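Novice: If you want the building blocks of each chain, they are given just below.
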Amino acid sequence: MTEAETPWLPVRWRLAWARENTRRSLTLCAAGAVLGLVVGGYGLFTAQGTRIAGVPPEDVAVVNGVPVLRVDYDNQLRAQFNVSPEQATPAQRKTVIEAMLREELYVQRGLELGVPTDDVDVRAALVNAVEEAATADVLASRPTEEELRAYYQANRMRWANEGTMLVEDYVVPAGSTAGVLPAGAVRQPVMRDGEEYWFAARLHLGEALFRLAQGLRDGAVSAPLHIGEQWHMLRIVRNRPPVARALDEVRDKVLADFQKDKAARLASANDRFLRRRADIQLAGDVK
Amino acid sequence: MIGRRALWCMVGCVVLGGVMLGRHAHEAGLRRDLLRADPATIMGDPRLAAYARQRGGAVFARACASCHGPGGQGNIAGGVPDLRDGEHLYGEGRIDEIEQITRYGIRSHHSLGWNLASMPAYASPHPSADKGIHPLTPAQTADLVQFLLGMGGRATDGAAVERGKALFAGAGGCYDCHGSDAGGDSSIGAPSLSDAVWLYGGSPARIRASIEQGRAGVSPAFLHTLDPADIRAVAVFTFGLSRQDGSHDGG
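These protein sequence lines map, in sequence, to chains A and B. What the first sequence shows, in the numbering used here, is residues 12 to 298, in sequence order. What the second sequence shows, in the numbering used here, is residues 251 to 501, in sequence order.
Any given hint might turn out to be false.
Some residues of chain B that are not near chain A, with every Cβ distance over 10 Å (derived) [claimed, not checked]:
id: 1; residue: Val261
id: 2; residue: Gly328
id: 3; residue: His338
id: 4; residue: Glu342
id: 5; residue: Gly355
id: 6; residue: Pro375
id: 7; residue: Met401
id: 8; residue: Tyr425
id: 9; residue: Gly433
id: 10; residue: Ser442
id: 11; residue: Asp445
id: 12; residue: Tyr450
id: 13; residue: Gly452
Facing chain B, a subset of chain A residues (Cβ under 8 Å, in silico) [said to hold, decoys possible]:
id: 14; residue: Pro68
id: 15; residue: Glu69
id: 16; residue: Ser95
id: 17; residue: Pro96
id: 18; residue: Glu173
id: 19; residue: Glu206
id: 20; residue: Tyr208
id: 21; residue: Glu240
id: 22; residue: Ala267
id: 23; residue: Asp268
id: 24; residue: Asp272
Derived by calculation from the structure, the hints in this document are not laboratory data. Note that the structure is a prediction, hence the values are computed from the model and not measured. C-beta atoms are modelled at their ideal positions from N, C-alpha and C, and glycine is treated no differently.
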């Protein structure tokens, strides 16, 4: 370091910097190492789940590394004593935290004892929880407007309104002519509710007659249809087939079905993944 | 050999590091205080309230605005509630209740989320999986629509209003969730039908569609996607949306 380069430093310092100095190099090296250790240690010991970090602010306890959430503790206080955390007495707090610690300890002990292997309820709950977790993750992500619109276009009749129908069912003599109700036709009381949604008309008329009715227009009289021992003819008073609704009318349904389909695909992919990574050995007689 | 520029660089780095460390420590302190505070008291602490609003606003824009809109105005087409109107479908709108919804969701498939009741689809063979509720006919649906319009003085057929009233309190089973006075029940998320707020729209066609096809709005559980402090902060921010008048009672 020359005088021209650092005229602002005292001469003694310039000379000292310019000299080779093993002690200084080692000191700087050590200082760097210590700084690195401090930074690394801070990161390591304050990371979530680290024993030495103490209890993170979002938890009220950590039991063998498993956090007990503060928000669950607060909710338990409200549910059990109808008080906010600030209003709770020490006795109330103790009651709640003791119960939560006990529950966590018993859950952990249950896992140690292999309860999921033996208890059918625990097994069912675990299966359900894993399935639900996958679905919950899907719900937390939202499709783009383009994705939603494309899905709607591809399946738009899924969200059609329910058609309505007002129809009269007559038992007629054999040989009656299509389009004309013969004299002596006897009206059946199955459609006594008057106008019905299509699903109800299908139930009341039966599948064959409903198939005949759904394509007919207002005022039409069907061809005779032989069902069981009798010939039936239908007179359509009013028939309003299902109509696809605009996306904005059924946006909530479309989104729900989109996410349901996505969750089903994800569940199927999860099944495949779990099978692929598992070591499954089958007995000879069930292969 | 160290030049003047290098020395300045070192000094700059040390200062920058110090500032960053200080900011980190400050932020960590605020985060800790926010999480450890009783939600009911946060709005009474200007320091925490400001921090939560600022942090919560960013979280809202990232995680909530895609459904609720950037200002929380909601969307009738999707049945997304307006968060500014002070109407709360679930609970009374306390910060801890909003936080609970953010964390565990509504019909989110999380066991701690709200999932107590759904609006049956009365134009279907089995309107509800849980209860012995029977389908309605188109005429009965029309009567119910008239009855509900009548709550706001908009009915056009007095006889239909009376028939709808009988259905509401009888065979329709509506009273079971919405209450015999149609005032709703916030403990199960059943909306009031007697006020001017209609989650899915209050036109006769929209009311009819709600009765015919049912409703089951969803709010995701952000338990695994947001930091706990973000969840609390966005709850405070959302609480503030419905308190634009400046009232501070978070409890």
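Novice: Compare the structure with each hint and give your call.
Specialist: Consistency of the hints with the structure:
No Cβ of chain A approaches the Cβ of valine 261 of chain B within 10 Å, the least distance being about 13 Å, so the stated non-interface status holds. The claim that glycine 328 of chain B lies off the interface is violated: its Cβ sits roughly 4 Å from the closest Cβ of chain A, which falls inside the 10 Å cut-off. Every Cβ of chain A is farther than 10 Å from the Cβ of histidine 338 of chain B; the closest lies at roughly 16 Å, confirming the non-interface assignment. Look at glutamate 342 of chain B: its CB is around 12 Å from the nearest CB on chain A, clear of 10 Å, so calling it non-interface holds up.
Not every beta carbon of chain A lies more than 10 Å from that of glycine 355 of chain B, the smallest distance being close to 7 Å; the non-interface claim is violated. The Cβ of proline 375 of chain B sits about 5 Å from the closest Cβ of chain A, inside the 10 Å cut-off, so the non-interface label is violated. With a closest Cβ-Cβ approach of about 23 Å to chain A, methionine 401 of chain B is found to remain outside the 10 Å limit, as its non-interface label requires. Against the 10 Å criterion, tyrosine 425 of chain B stays outside the reach of chain A, whose nearest CB is about 22 Å from its own CB.
With a minimum CB-CB distance of about 22 Å to chain A, glycine 433 of chain B clears the 10 Å threshold, and the non-interface call stands. The non-interface label for serine 442 of chain B is consistent with chain A: the shortest C-beta to C-beta separation is roughly 19 Å, beyond 10 Å. With a minimum CB-CB distance of about 21 Å to chain A, aspartate 445 of chain B clears the 10 Å threshold, and the non-interface call stands. A beta-carbon of chain A is positioned within 10 Å of the beta-carbon of tyrosine 450 of chain B; the least distance is around 8 Å.
Every Cβ of chain A is farther than 10 Å from the Cβ of glycine 452 of chain B; the closest lies at roughly 14 Å, confirming the non-interface assignment. The interface hint given for proline 68 of chain A is met, as the beta carbon of that residue sits about 4 Å from the closest beta carbon of chain B, less than 8 Å. For glutamate 69 of chain A, the interface hint holds, since its Cβ comes within 8 Å of a Cβ in chain B; the closest pair sits about 4 Å apart. Below 8 Å, beta-carbon pairs count as interface contacts, and serine 95 of chain A has one with chain B at about 5 Å; its hint therefore holds.
Look at proline 96 of chain A: its Cβ gets to within about 5 Å of chain B, closer than 8 Å, so that hint holds up. A least Cβ separation of about 4 Å between glutamate 173 of chain A and chain B falls short of the 8 Å threshold, and the interface hint therefore holds. The interface hint given for glutamate 206 of chain A holds, since its Cβ lies 5 Å from the closest Cβ of chain B, which is under the 8 Å cut-off. The interface hint given for tyrosine 208 of chain A is met, as the beta carbon of that residue sits about 5 Å from the closest beta carbon of chain B, less than 8 Å.
For glutamate 240 of chain A, the suggested interface contact is broken, since its CB lies about 28 Å from the closest CB of chain B, more than 8 Å. With 8 Å as the threshold, the beta carbon of alanine 267 of chain A comes within range of chain B, its nearest partner Cβ sitting at about 6 Å, so the hint holds. The restraint placing aspartate 268 of chain A at the interface with chain B is violated, with a minimum CB-CB distance near 11 Å, outside the 8 Å limit. Taken as an interface hint, aspartate 272 of chain A does not check out: its beta carbon lies about 14 Å from the nearest beta carbon of chain B, beyond 8 Å.
Comparing the model with each earlier hint shows violations of hints 2, 5, 6, 12, 21, 23, 24; every other hint is respected.
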